[in-house]
Amino acid sequence: MNYFINFLTVLANATHLLAANNARLYLLLSAVGLVSGAALWFASNVFGQLFYKPYRLTWGQHCLCGVLAMMMTLCIPLFAASTYLKPSFEAIISVWRDQLSNDRTWQYEQFNRQYYAVKKQGHEDFSHSPPPEQGGKSMPLTHPETIVSTSKMTAEAALENFRQNFPLLAIIINTSADLSAEAVSKDVQAYFKEHPNGIYPHAQGIQLAAAQLYTQLAPQIIRLIWLTRIGITGFIVLNYLLCLLWIGLSALKQIRIHSAHFK
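Residue numbers for the sequence shown follow our numbering, beginning at 6 and rising by one.
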């Protein structure tokens, strides 16, 4: 179910961006889709008459043609909106990053896990930092290796959270690779270069995970646009072929009934 929701979310965001950035084009394409759907609706009736001239579409076939006409109205603007896939993906990543940064339950789970991992390393003094189950809410992060390891753990946990909540997007972006310790170390060094007396933020790991998602997304965009357009075209063509097959078989059935009646 998450895959389907992910798919609809991306397409809805892309369509919204097209409508927001070029409303005139969006309305024009919607009108073209509606006219095309109506024309194909009429053509479907003519198609049935090619087999049997008195043939008329059934109510069920009219309903299907109406649904297909609405699909054309939606899919033609969506075909053009595929150029907005990159900002659509980026918006989803941005919202996820902000929500995760404010998710207290998730942060507590990570603190609980990292507290004992850092304590096991033996680089920090935990004499004034009680464990989470005793109400502890902080841990010492003064050693460079500790800072890097906790940030890496946060980033990897964030990527895993993204994979769970956005499985389709995770496959598309290819989030299989975890963040390297070298990348985290470089970010730590860059942070302290800008903030010599600062404290490296614990949530920076989430930012690193989001940055990796953005980086992995960029080279995929052109391929995604083409795959989306091919998918939309194939979806429409397949549905119309099934509709025409139904109409053709129904018309042939009426021919047999009519022929049997006059024998």
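No lab work stands behind these hints, which were simulated from the structure alone. Mixed in with the good hints, there may be bad ones.
Straight-line C-alpha distance at most 25 Å; calculated DSS-like pairs for lysine-lysine [claimed, not checked]: (1) K58 - K258; (2) K124 - K142; (3) K125 - K142; (4) K58 - K125; (5) K124 - K191.
Cβ pair distances, simulated, as ranges [what the hints assert, rightly or not]: (6) I176 - N26: 26 to 32 Å; (7) Y219 - R118: 38 to 44 Å; (8) R168 - K124: 26 to 32 Å; (9) A208 - M75: 43 to 49 Å.
Backbone N, C-alpha and C define an ideal beta-carbon position, used for all residues, glycine too.
(message) Hint compliance check: list the failing hint numbers for this structure, sorted ascending.
(response) 4 and 7
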